[in-house]
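*Asks:* Each chain, letter by letter, is given below.
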Amino acid sequence: MSPTWVQLAYLAAALCFVLALKGLSTPKYARAGNLLGAAGMALAVVTAYVHGAVHNGLLILVAVAAGVAVGIPAARSVKMTAIPQMVALFNGVGGAAAALVALTEFLEVPDGSVLFQVATALTVLIGSVSFSGSVVTFLKLQEIMTTRPVLLPAGQMVGIGVAAASALLALSVVLSGSGLLLVLLALAGLALGVLFVLPVGGADVPIAISLLNAFTGLAVAASGYVLANTLLIVAGTLVGASGTILTRLMAQAMGRPLTNILFGAFKPTTAAAQTDEQRTVRSGTVEDVAILLGYAHSVLVVPGYGLAVAQGQHAARELASVLEQRGITVHYGIHPVAGRMPGHMNVLLAEADVPYEQLKELDDVNPGIGSVDVVLVVGANDVVNPGARDEPSSPIYGMPIFDVDRAKAVVFMKRSMRPGFAGVDNSLLYNPKTTMLFGDAKESLTKLLAAVKHV
Amino acid sequence: MIDLLTIFVLAVFVGFEVVSKVSTILHTPLMSGANAIHGVILVGAILITGRAEHALEITLGLAAVFLATVNVVGGFVVTDRMLEMFKGHRAVKAVKVESNGHKETGT
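Chains as they are written, first to last, in the numbering used here: chain A, 1 to 455; chain B, 456 to 562.
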């Protein structure tokens, strides 16, 4: 058992973590909460070092310095558009660290109690799942691999098989105390994580990240049992529990039950919904759109990830102010899951310094959308897809959308006819009210800005 | 044993309670902040490496220390950057108003 001063320091750190999470859920105290969490972490780490680094003190310092040297530049240099995949990676290395801690402790204390063995097996399994699952979500968000659901032949059977094998291996580890079996369990966990995330597609990936985040929390809590350390149990459990709630809240923002998001791709979908009929698309020139905008009374801009990637926020803002000078009302419609994660778009627009007063949420926009003259959809796709409302067979069915098809006219700025992040075809593109303006969002906006000035 | 279980159960309820109401704007920063907090596994990594005596254990332990440190510092820094944007936004506007004022008095 650790001396009292160590226990007290851990208690103070745990309290900091609770207050940090509390602060992070209120806009006013979010930043202070995060800093308090960091302070608690510093206290805990210094305490552990002073009290626990009996051997290898210098080596530990070197490893910490290396971690700082990698972590801080990575976190500082990552673009705001790439934040979700960075969060996924940080989560993954945390899971791997938990698995390694349990594995090492197992080597140091080979003949532990049954409870100890159970906790070890759980930590290694959950940590490995979290690591490999996070790596796959990173690859998807970075678009290194396809963002669509990947369905292996008999994927569901393979998944169940690997899960069963993992459970058996975990049981054998507990009974035999074999290090070899524990390594095999880690490998099974890695396979399970990959199989778990592969079928999750597009806009649902962030929800998988949130769930894996909760998993890592649980792995850390389980490692707390391995080491009989209350701080690890408290902090890990806090993250596990709050992460589970957050995952549910995110799923609610998407308007779908969690099981649908995680296992929906396994169900046979009626892919026949897309008929062979030749659907026509109306494509317009910059001048056409400029005239449309110049004589409108009200314009709604619906920005998406595409706008942020093209760095077109500033052009969009200038266009908005030119329109306002002509007496046109301009609002931005911000969908809760626009961007790559819930709330991500707000971060991106805050970076571009778009005035808060012009940002409107779904419930503010949809009731009056029929009187909007022109909706300008810039680099968004899924959040205006009427299929989410009208087609029960659509993978995004049930997600709340902007009902822009009820506005008087829609201008769709897109690079190509390629479907959006969720990989779902959008019937709005073929709507007679819709004008397509193909091209890079920033270029199109800049040209549009010049053209509007001449109208 | 029962003590640890008690702590676990209580922490579950605290975890549920703390984030039960959070606006969508804060979903991403909250996830990222929680992510940094589970980096507390660094404490465990330091403790096991601190008593490791064999080369294999030391190597594995140091790998865990390294990864956990990346998780901790990366997590807190990324979260702070996101939250800084929200705050910086208002600050920038305030500065602009101020600089406009200066221009008016200047010209």
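Because the hints were derived from the structure by calculation, they are not lab data.
Positions of the beta carbon are idealized from the N, C-alpha and C atoms, including for glycine.
Just to be clear, a hint being listed does not mean it is correct.
[Said to hold, decoys possible] Only some residues are given here: those of chain A computed to face chain B with a beta carbon under 8 Å: (1) 67; (2) 100; (3) 249; (4) 350.
*Asks:* Which hint numbers doesn't this structure obey?
*Replies:* Hints that this structure does not satisfy do not exist here, as all of them hold.
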